[in-house]
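> Sequence:
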Amino acid sequence: MPVPVPRQRAIPAVECGQAPAASPDSGPSKEQAPPGTHPAEHPTTRRENPTEKREKPTDTSPDTSTGTDSRTSTSTGTDSRTGTDTGAGRTHTDRTTQSAAPTNLTVLLIEDDPAGSPIVPDLLDQAGKPIRVRTARNLTEAGRLLTDDVHCILLDLALSAPAPARTSADGGGNGNGGGDAEDHDELAVLRHVLELAPRHAVLALTSSSDAERGAEAVAVGAQDYLFRDELDGRLLSRAIRYAVERKRSDSAERRLAEGRLRAQENRRLERGLLPTPLLAGSPLRFAARYRPGRSRALLGGDFYDVVRTPDGTVHAMIGDVCGHGPDEAALGVELRIAWRALTLAGLCGDELLGTLQQVLEHERSDDEIFATLCAVDISPDGRRAGLCLAGHPSPLLSRPGEPARLLPYDNNGPALGLLPGARWPRMQVELGAEWSLMLYTDGLIEGHVGEGRERLGQDGMVEMVRRQLAEGLAGEELLRATVNEVRELNGGELADDVAVVLLDRTA
1033 MPVPVPRQRA
1043 IPAVECGQAP
1053 AASPDSGPSK
1063 EQAPPGTHPA
1073 EHPTTRRENP
1083 TEKREKPTDT
1093 SPDTSTGTDS
1103 RTSTSTGTDS
1113 RTGTDTGAGR
1123 THTDRTTQSA
1133 APTNLTVLLI
1143 EDDPAGSPIV
1153 PDLLDQAGKP
1163 IRVRTARNLT
1173 EAGRLLTDDV
1183 HCILLDLALS
1193 APAPARTSAD
1203 GGGNGNGGGD
1213 AEDHDELAVL
1223 RHVLELAPRH
1233 AVLALTSSSD
1243 AERGAEAVAV
1253 GAQDYLFRDE
1263 LDGRLLSRAI
1273 RYAVERKRSD
1283 SAERRLAEGR
1293 LRAQENRRLE
1303 RGLLPTPLLA
1313 GSPLRFAARY
1323 RPGRSRALLG
1333 GDFYDVVRTP
1343 DGTVHAMIGD
1353 VCGHGPDEAA
1363 LGVELRIAWR
1373 ALTLAGLCGD
1383 ELLGTLQQVL
1393 EHERSDDEIF
1403 ATLCAVDISP
1413 DGRRAGLCLA
1423 GHPSPLLSRP
1433 GEPARLLPYD
1443 NNGPALGLLP
1453 GARWPRMQVE
1463 LGAEWSLMLY
1473 TDGLIEGHVG
1483 EGRERLGQDG
1493 MVEMVRRQLA
1503 EGLAGEELLR
1513 ATVNEVRELN
1523 GGELADDVAV
1533 VLLDRTA
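Under this note's numbering, the residue at position 271 of the sequence shown is numbered 1303, and the numbers go up by one with no gaps.
Among the hints, a few may not be true.
[Said to hold, decoys possible] Pair ranges (Cβ atoms, derived):
hint	residue 1	residue 2	range
1	R1294	R1416	35 to 41 Å
2	E1503	R1278	56 to 62 Å
3	E1525	P1230	26 to 32 Å
4	Q1296	L1376	30 to 36 Å
5	P1315	R1499	24 to 30 Å
6	L1379	E1434	31 to 37 Å
7	S1281	L1438	33 to 39 Å
8	A1289	P1446	56 to 62 Å
9	E1466	G1378	27 to 33 Å
10	R1416	G1489	56 to 62 Å
11	V1252	L1376	55 to 61 Å
12	L1376	E1503	22 to 28 Å
Hints are computed from structural coordinates only; laboratory data are not their basis.
Quantities reported herein were computed from a predicted structural model and do not represent experimental measurements.
C-beta: ideal position from N, C-alpha, C; glycine also.
Let the hints inform the model, and build the full structure from the sequences given.
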């Protein structure tokens, strides 16, 4: 008859070699027992307080687990990714598995008594992955543990009033700035944390009998508040995720508001840099259209200006700095202001353009940057004009009974900034008693025509303006129709800046 085999019992971890054996009379040895554990509490039968699973900052016992972060043995706080303390009764396999599990969120708990309340249970994020918890007893430790991977801070509002005896026992003070007076404002430490971590979400922990202080903490800047004596894993995990997302939303909204404010300031600045024509006392009519190539900008590399000098002469200018970025826009403004100052000082023609070239050479950021320019000075009687071209397209002149045509450009000089010591001859042009003179930049003529590679060019622009003049368009309406048609032919927004100036004289 076979001998009955007794039912096999479960072998404890200490018997199978996965945990150190305990003394039969005194419980866990001091080497394996976590600090603060009573000798009568056996590690295999007691479920530990999760905050006690994290090593205390003052713990100097050796780390025997294979998956424990090396930071757990330092005095600056604890990283609880393992979820257990060395010698707490769990197997090395469990600790290794938990340590290797990927984490999405990291939480920093700031409390002067990590082994007491609040109880921080095992936390899981929305994907079911463990939330890593670090503990700090004071703001000094919190500052050392507050790395870029921390997403949320759990702050006990009672931290601001530590007992003086405890401060002395801890050796060196809590560093929270609240030990000078027992009745110190509890929100002072919250304000300090908000200054220390402006980009982190903050959850305030308070007692259930002090909900008003929790609401005040939210008003100061915390994302939410919780009652420390009513915490559970599900509630706390959800509150952490909510606080992190709310902080991200608030930060994004703040950046959006700051961006809008900067955009408004930039628009005001750019609008202020656009010219205001000085034509008081002149019979000439003025119109202009300006479209920068940069998206959401008011100012590009094109520039223009019109002024009337005391002798009655009207001076008009239009120019184009190569490129259409912010640096080119700034250089265009400098050239425009320099041109106005030189014109009002009495310079014109070759002398004025030579001085402008010196300004360009001193102000440009690169030796390869140049600018084209067209300058016109109209006599006080309005019948004649002097024309200087520096690598710029020739103006378009239209008179009643005659087709619109381009002014001569045979003596076109080089663009500013290309040839040192260059000269720009001044040509005399007869305008007549009634006329319209249109100055423009190459953005108006370099747009595509249809889907091919063909561009509008000067000839196409001349034909377009002739047709619009025949339809009775003039002034602002003429410029608006011209720019809109060029844009439609291009199939969308023009890549380059566009500036157009129109001067009219009626008999």
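> Look at each hint and say if it fits the structure.
Against the structure, the hints:
Between R1294 and R1416 the Cβ separation comes to about 48 Å, which falls outside the hinted range of 35 to 41 Å. At roughly 59 Å, the beta-carbon separation of E1503 and R1278 lies within the given 56 to 62 Å, and the hint holds. Judged by the Cβ atoms, the range 26 to 32 Å given for E1525 and P1230 is violated: they are separated by roughly 39 Å. At roughly 32 Å, the beta carbons of Q1296 and L1376 sit within the given window of 30 to 36 Å.
A beta carbon spacing of about 28 Å between P1315 and R1499 agrees with the range 24 to 30 Å that was offered as a hint. Judged by the Cβ atoms, the range 31 to 37 Å given for L1379 and E1434 holds: they are separated by roughly 33 Å. Our hint of 33 to 39 Å for S1281 and L1438 is violated, since their Cβ atoms are close to 58 Å apart. Range check, A1289 to P1446: Cβ separation about 48 Å, and the 56 to 62 Å hint is violated.
Taking the beta carbon of each, E1466 and G1378 are about 29 Å apart, inside 27 to 33 Å as hinted. A beta carbon spacing of about 29 Å between R1416 and G1489 contradicts the range 56 to 62 Å that was offered as a hint. A C-beta distance of roughly 57 Å is found between V1252 and L1376, which places it inside the suggested range of 55 to 61 Å. Between L1376 and E1503 the beta carbons are some 38 Å apart, a value that contradicts the proposed interval 22 to 28 Å.
Of the numbered hints given earlier, the model fails hints 1, 3, 7, 8, 10, 12; all others are met.
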